[in-house]
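Asks: Chains A and B, in that order, give the protein sequences.
Residue numbering for the first sequence follows full-length UniProt numbering, beginning at 1 and increasing consecutively.
Residue numbering for the second sequence follows full-length UniProt numbering, beginning at 1 and increasing consecutively.
What the hints contain is simulated information worked out from the structure, not anything from laboratory work.
All C-beta atoms, glycine included, are put in the ideal place defined by N, C-alpha and C.
Wrong hints could be hidden among the right ones.
In silico DSSO-like pairs for lysine-lysine, Cα to Cα no more than 30 Å straight-line [to be verified]:
| no. | chain 1 | residue 1 | chain 2 | residue 2 |
| --- | --- | --- | --- | --- |
| 1 | B | Lys29 | A | Lys21 |
| 2 | B | Lys122 | A | Lys21 |
| 3 | B | Lys29 | A | Lys111 |
Ranges between beta-carbon positions, derived for each pair [to be verified]:
| no. | chain 1 | residue 1 | chain 2 | residue 2 | range |
| --- | --- | --- | --- | --- | --- |
| 4 | A | Ser257 | B | Tyr253 | 18 to 26 Å |
| 5 | B | Val44 | A | Gln293 | 35 to 43 Å |
| 6 | B | Gly276 | A | Tyr292 | 51 to 59 Å |
| 7 | B | Met37 | A | Ala34 | 29 to 37 Å |
| 8 | B | Val249 | A | Ser257 | 38 to 46 Å |
| 9 | A | Gln293 | B | Ile278 | 49 to 57 Å |
| 10 | B | Glu56 | A | Asn62 | 38 to 46 Å |
| 11 | B | Ser80 | A | Arg174 | 49 to 57 Å |
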Amino acid sequence: MAILSTPRSAVQLASKGRPLKEHLFRIALMASLAIALVFLALLIVYVVEEGWPRLDSTLWENQPSIRRPETAGIQSGIFGTLWIIGLTALMALPTGILAAIYLEEYADRTKWYNRLLELNISNLAAVPSIVYGILGLGIIARWMAFGFTIMTGAITISLLVLPIVIISAREAIRAVPPSIREGSLALGATQWQTIYRQVLPASIPGIATGSILALSRAIGEAAPFLMLGAATLVRFNPEGVWSSFSVLPLQIYSFISRPQEEFAILAAAAIVVLLAILLLMNSVAIWLRNRYQKRW
Amino acid sequence: MSAQHLKTASGASRSLARSRPRYGEFAVKTILLMAAMVSIATTVGIVAALLEPTIEFFGEVSLGEFFGSTTWGPLFNPPSFGVWPVIVATVEITLIAIIVAVPLGLAAAIYLSEYATPRVRKTFKPVLEVLAGVPTVVFGFFALTFVTPVLQDVFPFLELEAKNALSAGLLVGVMIIPIVASLSEDSMAAVPNGLREGSYALGASKMLTSVRVVVPAAFSGIVAAIILAISRAAGETMIVAIAGGFKSVFTLYPGDEMATMAAFIAQAGSGDASVGSIAYKTIFAVGSLLFIMTFAMNYVSARLVQKYREVYD
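Could you put the whole structure together from the sequences, leaning on the hints where they help?
Replies: Encoded structure:
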């Protein structure tokens, strides 16, 4: 955009005289971006290659085992992750979207408490995830006596992703132009009718994209679960919200911390599964954004 | 409430305001406000979770011992509580991460904002998002099983331990590149074109314009991005727990195994420290320290963004 609005001849004139330095600078910039991307590619190739021998159906059909690493699987982790993500979606998404509507549509920014809310949310978005683990341990597991259950894990992770959901939903709502709201209000709709029938439908694609990205953050999170006693080698699938559990990233962590070579291979195979889920979710989010994003 | 309710309509239309209250609308607003208050409750919850055990901790261990000694071993018998080794490890790994992430992230941001065509930008921004979405256990695994062995082969004279601060720091750096890049790019994109055009009009080249005009104009946003990245790096747990190790010996050499604050919390929290024991309380004391440090950085970063965001509008 920057370049488009500047006459080309002006740029050419300006760069005349020292083309070499300009070129080198440009190449250095591209190289920096390339390093990050090559690194990502290298990482993916490495884990696929490492985990290849174990990428078969025993991986998700079997339960983890300390004694038989060569046939151990990750089924309880996959189910635990699904439970956690399902509950997190149920809790964090509605709360986050409602909070975003409040902040964008109702909050009067001249009021101190609304500014405090905003500052608090951007602060929470950057609190280390291990601190959320302490919150889960001290308040939810112990004080509320929920114990080390799926419920505790899901609430903790919901609180962790809530600021991310709020921030991305706000951006989506903000992208709806004011003229839509003014038109609706002018026709006699109340403010909530305007939000519910005009603003929300128009911002759904953006909200969905942000929500998927937030949930994919939740899927990869391991640190809070370390504090929540998510037993890493649970040999059964969770049966309900009060069941003890493990999650995929934490199982990976426990495989990594064992000395046998087979566990490293198992960890790599589990990482491939985890990355595949995340890449799928990311692609859906990006596709949604490109497909439904409206330019007003 | 009635005046606020009509804030989108013009202020002069007060006489047109509804004559009777709409309870449904009020209820909706209340529900929405309650959803927003969950975030306040979260902060209160974090502080509450940290406060009591931390106070109890300092009832048993003096501040002088905590900050005045360099022997750290709350899980040993007899325990010692000099917190400096974990602070030094945290700072050191964060420093390595920043040395990696700031040049790479900033250069990527300049490229995406100033040089890339819209199409290139549209392709590469999602890839950066994917990099940002890679779980940190994965980076940890990669650091431990790939980066460290490669570094040991290529630079044998570094005498890297199997777990070391260097690989952990490098990978934490890679993890925060997307944060530096995307936030800096946002603030560079917000620099008005008039400044660039003015610079070109004075005969400056593209490189000169980027480095001397756009970057300084976006400086507060860039600083905010870097502070946020530092705070992320300092609080990162899984990479440092896997690749940096848990040994809490006072050392400055990045080739050694060292435990950061987050790694200590992870180690003690995942172990079986019984509730109420001094080891259990230490988790919360270190947690408080980490929370205060990151909170201060996040606050500065958020204020910088808030304060300077609309300076050109």
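Asks: Going back to the hint list, which numbers does this structure go against?
Replies: 1, 7 and 8
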